[in-house]
Amino acid sequence: MSLDLPLIRFVRQVRRTRDVGAATFLSLVALVALLALATPLSARTAALMMSRFHLRVQPFAVWAALQPIPSMYNFENRYWVSPRPLRADELEILPAPADVEARYINHYPLRVMTWAEGRAVLLAPLADRWVYARTCYRGACVRSAFHVSVQQAPPAGVVVSTADAIRWPDE
Amino acid sequence: MNSAGARIAPLQIVNGAMFLAWVWKLRVFLLFDTIYRYRPLRVSFFPAFLQAPAVLELAYCAALALSLIFGLRSTLTRARVAGIVWLTSAGVLLCHEGAYNDATFVTVAWVALWMTWYAWRRRRTPEDELIAAPFLAQAIIALVFLGGFVGKLTPGFLDGTVFYDIYLRDRDFWFFSLLREYFAAETLPRLATGYAWLVVAVEGIGALSLFFPTRAALVFGIGVMFGMIVFNNFLLLSVLAPLIGLACAGLWLESRRIQESPRGAIHGVLRA
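Line by line, the protein sequences are chains A and B. Taking my numbering, the leading residue of the first sequence gets 878, the next gets one more, and so forth. Taking my numbering, the leading residue of the second sequence gets 1314, the next gets one more, and so forth.
Keep in mind that a hint or two might mislead.
Said to hold, decoys possible - Reference excerpt, derived from the structure (chain B facing chain A, CB under 10 Å, subset only):
no. : residue
1   : 1419
2   : 1477
3   : 1511
4   : 1515
Stated by the list, open to error - With the Cβ distance kept under 8 Å, some of the chain B side facing chain A (calculated, not the full set):
no. : residue
5   : 1360
6   : 1361
7   : 1413
8   : 1457
9   : 1465
10  : 1467
11  : 1469
12  : 1485
Everything labelled a hint here was simulated from the structure, so no lab data went into it. All residues carry an ideal CB built from backbone N, CA and C; glycine is no exception.
Extracted from the complex, chain B is given alone in its bound form:
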C-alpha cells in the first residue's frame, strides 16, 4: 500500500463504522422523526431551532450523504470535509431536544474529532501518525470506559437495584429472558448485583487500558464492546460501532508501526 493509501485507510475504517451506526438507527430514526413531527413538545430549555425536526433531519442526512461521498471515492479532501460534517452533525444532535440523550452521538462526536484531526494534520515524519493516532484512539476508548465507570460508583448501582429494574425485571432480550427462565425470581436481584459489579470492574479495567500496550488495550475494548452488544442490547451497535471502528483503525496503524519498527523489519526479513 502506498503512502497516500495508507493515510486514507484508517479514515475509511472510522467513516464506515460511523456510517454503520447511522444506518443501524435509520428505521428507529424515521419512526422517531414522525413522532416529533406529529407530537411536538415545547420545553423552554432548548432554543427553538434545536426543537425543530427539520434540524434533526438535516444533521442526520448531511452526515450520511458526506459519508457516502467519501466512501464511494476516498480522497483526503473528501475525508476532511466528511470529518467536519460528522463532527458538526453529532454536535447538533447532542444538543437537540429529540436526540440529546442518545449516546450514539457522544461516541460519534469523539470518533469524528479523531477523524477530523487525522485528516487535517500535517505529516511531520513518516512514522509520525503511527504513534500519535493509535494512542489517541486508545485514549478516547479509555475515556468512554472511564465516564461509565465513575457514574456507577453509587449504592443504587452497586447493590444491583438499577440493573434489576432496567434489565432483569422484564427486559425483552434473549439474555435476560434466559436468566429469568433459569433462575427463580428471588435470585434475580442477587444476579443483578453480580452483573453490576462485573460491569463496573470491566469498565474500570477499560479506563485503565490507557496505560496498556496499544494492541492489548484496543483488542480488550473491541472484545468488551462486542460482548455488550451481544449480551445487553443489539441497539447498542449504533453507540459502539464508531468506537469499534476507531479501535480497528488504531490496530491497523499499530500493526504498521510494529512492522516498520527495526524489530518488526527483522521479523519480516526472517519470515521472508
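Next up, chain A with everything else stripped away, as it sits in the complex:
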C-alpha cells in the first residue's frame, strides 16, 4: 500500500516531470519554514527576527529579504510614548507614569511612530516625543529608543519630523 499524501504526490510528480519551477517554489517555502522553526531553537535566529521588528537588520537588503517571512502576532512587543526622556525604572513600573502611553502591540512595535495611525497621534501635539520599544522572546529582548523631533512647521501645514535613535536608558 502506498501513501497518497499530497506531499508525496507532489514529490513524485515533480520528479517525473522534472518540474524545476515547482521544486524551487517548495524549496523557498521550506527555507522560510526552517527559519521559522529555528526561531525558538536558536537565540541568534530569534535575535535576528526581533531585530527585524526594530528596523535594526543591516544591510537594508537583508532586512528586505526577511520581510516576506510570516510573523503575525510574534513575540511580546511593548512600546512607550512619552513627552520627556524616560528613566530605566519608569520603563519597568506598572502602570506606566500618567503622562506616558504604554501598551503591548501585535508586531513591529516601532509602527507606533512610523505607521500613519500611530504617527497621527504621536505628532499631533507638534512637540518632541520619546519613543521606546521592547520585543522579548523566551528570555531574550531587543530594545530601541528614538527621539522624534519636529523639524519645521511651514504654513502649508506640512510638518516634517525626524526620528533619531538614542540609547536605551542605563545602557
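Start from chain A and add chain B according to the hints.
Relative to the frame of chain A, chain B by itself:
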C-alpha cells in the same frame, strides 16, 4: 470548461481575492496617505524613495489597475503581467516606511508568487497543475500558520498578558465588548490566557495541515481564517482574503483532480 478556461479560473480566484483585500483597505489607505503627505517622518533606516508617499501610491494603484485589467478580460498574458505587478507592489509595500508592518502585504506577496508561478509555468502533462498547484497553496497557508505559531511560544503570550492588553482590556470590537459585558474584570486575564492557548493550538494544527489531505487542510484553513475575521477584527479581511482566495483556488484544482482521477471518473459515471 475547456482547458484554457480551466487554467484561468484559479488565477481569477486569487486575483479577485487580492483585489478584495486591496479595496477593503482603500478608505484607510486614503486616510493614511494624507497623513504621510502632511506628517512626513524621516527615519534613516529607510532609503529616501521608500519613505516617499508617491511610491506607496504607485505600488497600490498599479496592482489595483492591473488586477482590474485582468479581471475585466482574463487572458493568460494579462494574468502573467498582473501576477508580476502584484508581486512587485507587495514587495515595495513590504519595504516602505508607511506599510512595512502591514501583514496584508506578506500574504499578498505569497499569493502573488503563487499566481505568477502558476501563470508562467509550462504545462507538462494534463493533470500536472492539479497536483503541484493545490499542494503549493496548502504549503503557503501552512507556512503562514507556522510563522504565527512559533512567534507565540513565549511566556508573555502563553500567560495571556499580551492578548489581555491588546484585546480584552479595551478593544472596541463586538466579541471583546461582549466578553467584558458578561465577565467580571478579574476573570478577563484568565480568559485571555485561554484565548492565547486556543490561538496557539489552532495555529499549530494549521502548521501541521501541510501533512493533511489537501481538501481537509484547505477547508480547515478557510474556516479558521473566517473565524479570525468574525471574532477578532474585520480589518483582518485584507490580510486573510488573499489566503482564503488561494485556498479556494486550491480546492477548485483539487476537486478537478479528484474528478479526473480513475476513482473520481467511476463515481461520475455512476452518478450519471
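Outcome of the hint check:
| no. | hint | in the structure |
| --- | --- | --- |
| 1 | 1419 | 6 Å, holds |
| 2 | 1477 | 8 Å, holds |
| 3 | 1511 | 13 Å, violated |
| 4 | 1515 | 12 Å, violated |
| 5 | 1360 | 7 Å, holds |
| 6 | 1361 | 12 Å, violated |
| 7 | 1413 | 7 Å, holds |
| 8 | 1457 | 4 Å, holds |
| 9 | 1465 | 7 Å, holds |
| 10 | 1467 | 5 Å, holds |
| 11 | 1469 | 3 Å, holds |
| 12 | 1485 | 14 Å, violated |
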